[in-house]
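Peer 1: Each chain is listed here by its residues.
2 protein chains.
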Amino acid sequence: MNQPIGIIDSGVGGLTVVKEVLKQLPNESIIYVGDTARCPYGPRPVDEVKAYTWQMTRFLLKRNIKMLVIACNTATAVVLDEIRTELKIPVLGVIYPGARAALKSTKGFNIGVLGTIGTIKSGAYEKALKSINRKVNITSLACPKFVPLVESGEYKSAIAKKIVAESLAPIQKSGIDTLILGCTHYPLLEGLIKNVMGNNVKVISSGDETAREISTILYFRHIMSTDNACPKHQFFTTGSSSMFSQIATAWLEQEIVNTETIYLGDE
Amino acid sequence: MNQPIGIIDSGVGGLTVVKEVLKQLPNESIIYVGDTARCPYGPRPVDEVKAYTWQMTRFLLKRNIKMLVIACNTATAVVLDEIRTELKIPVLGVIYPGARAALKSTKGFNIGVLGTIGTIKSGAYEKALKSINRKVNITSLACPKFVPLVESGEYKSAIAKKIVAESLAPIQKSGIDTLILGCTHYPLLEGLIKNVMGNNVKVISSGDETAREISTILYFRHIMSTDNACPKHQFFTTGSSSMFSQIATAWLEQEIVNTETIYLGDE
Chain W
14 MNQPIGIIDS
24 GVGGLTVVKE
34 VLKQLPNESI
44 IYVGDTARCP
54 YGPRPVDEVK
64 AYTWQMTRFL
74 LKRNIKMLVI
84 ACNTATAVVL
94 DEIRTELKIP
104 VLGVIYPGAR
114 AALKSTKGFN
124 IGVLGTIGTI
134 KSGAYEKALK
144 SINRKVNITS
154 LACPKFVPLV
164 ESGEYKSAIA
174 KKIVAESLAP
184 IQKSGIDTLI
194 LGCTHYPLLE
204 GLIKNVMGNN
214 VKVISSGDET
224 AREISTILYF
234 RHIMSTDNAC
244 PKHQFFTTGS
254 SSMFSQIATA
264 WLEQEIVNTE
274 TIYLGDE
Chain B
14 MNQPIGIIDS
24 GVGGLTVVKE
34 VLKQLPNESI
44 IYVGDTARCP
54 YGPRPVDEVK
64 AYTWQMTRFL
74 LKRNIKMLVI
84 ACNTATAVVL
94 DEIRTELKIP
104 VLGVIYPGAR
114 AALKSTKGFN
124 IGVLGTIGTI
134 KSGAYEKALK
144 SINRKVNITS
154 LACPKFVPLV
164 ESGEYKSAIA
174 KKIVAESLAP
184 IQKSGIDTLI
194 LGCTHYPLLE
204 GLIKNVMGNN
214 VKVISSGDET
224 AREISTILYF
234 RHIMSTDNAC
244 PKHQFFTTGS
254 SSMFSQIATA
264 WLEQEIVNTE
274 TIYLGDE
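Chains W and B, in that order, give the protein sequences. Each residue of the first sequence is one higher than the last, beginning at 14 in my numbering. Each residue of the second sequence is one higher than the last, beginning at 14 in my numbering.
If you are wondering where the hints come from, they were derived from the structure by calculation, not from laboratory data. Among these hints, one or two may not hold up.
Heads up, the list lumps identical chains together, so a pair's fine if it works in one copy or across two of them.
[What the hints assert, rightly or not] Okay, derived cross-link-like pairs now, EDC-like style, lysine to aspartate or glutamate, Cα gap no bigger than 16 Å in a straight line: (1) Lys148 to Asp240; (2) Lys101 to Asp60; (3) Lys120 to Glu266; (4) Lys140 to Asp240; (5) Lys143 to Asp240.
With the rest of the complex left out, here is chain W (with noise of 0.2 Å):
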């Protein structure tokens, strides 16, 4: 089963869930598409969310991948469901991943849960974490400003730094133990969210998670690659494919020259 993982994302945020597979799984091929041109997806209506997802999701399938990952916390929390009736292949989100790790990390059942103005306005958290224990204490909080700021590059910034710790003041000194970063895009302001929080709260990345629930899925439905597989990894961006190499390249600790501009919007 040599056939490539899918791993969608609205932008490059599902970088972080690449590099997490070509780490801890170096012998599968992975094509990825980001829709740079219309993210962040956060603010969009469902609606939209929902085309756009299923639009990407067709162009791989076309590509006869063998799983699709939903990097994106947000067409998770609303179209994951949706694409999983309807595809025969494996289709993994990356909301139960990080609610899984977060309740295998908190001690005191107090866990925080940040991400965009869509994923918490579903609820698609809360819900994962009380369906497994009904008794933990959820606190969420939307960040608009977070994805911004990644797909910008500022991350490293002194207004980011600001930024952070403004974003994060209603959550400072509630009591979570654990905090999940339910958008594939905070794992980059990672150092500046542990700052503000402090070495007691355990910062969880979901879409980093994901990379070991793909591993586990792969195995029980017997389709890892053989051990002496080739990978070939693809990219596909509806934006600006110098752009996108460049910023994969950085965040992927390897050169990545071969990202091929795509337009999804007919399909």
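Using the hints, position chain B against chain W.
Peer 2: Then chain B, alone, in the frame of chain W:
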């Protein structure tokens, strides 16, 4: 799907899995069987381990379990594949979860594995790790003295400290950055093991990681208990029920009084 999850082990070691399931999956009911009378499995011939594990499995199948967890590394190593092929319900072992957690944790891809003679001789961890990442370096070490220490309750004594230090000497300077406790008994010695290995080695409990995999498979198979389930837990041992209850109460930090002794020999 409020049926119980069946968990089997050669003795009390699998309670480290139970503890994590109680914490991470509080809506789930558990039936546990510990083959204390015939523990340890580590030094036994493969055919014997297979026969004993099948006896526990058949005992639980009569009790309508929805999933079977082989919470014993030795049994996982020699009979997981066979039982998985025969049963219609999902069957989980403890080796792949430990391998996955180690591959997520490692930075230098130098991973150590501690286990019983049976587990180490089987090469099951090497196979699991290499099937996921063929370039990983693995240093394995059998620690036949650890299980008797734990089963006898001697795991906090000065003798335990000495035995752990002596046993780990061969891998203390091996350059590993991650160490898998490839036996569900070993987490009881975790403090002593960490003291010997130092802060630069991340210690992974394969059993305790298994609870996350249980959670993943329950979700993907649509067999999670409903969130208003009233979970019930049952414990069976082939040895002394009072001694089992005493150890279970101490490890699980909640009173376990209803352990029943069973005889599996002729099943």
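Peer 1: For every hint, state whether the structure bears it out.
Peer 2: Here's how the hints hold up against the structure:
1. Lys148 to Asp240: between (42 Å within a copy, 10 Å between copies)
2. Lys101 to Asp60: This pair counts as neither: shortest intra-copy Cα distance 23 Å, inter-copy 39 Å.
3. Lys120 to Glu266: between (34 Å within a copy, 14 Å between copies)
4. Lys140 to Asp240: Answer is between: at 11 Å across copies they meet the 16 Å cutoff, but 37 Å inside does not.
5. Lys143 to Asp240: The answer is between: 8 Å across copies meets 16 Å, while 38 Å in one copy does not.
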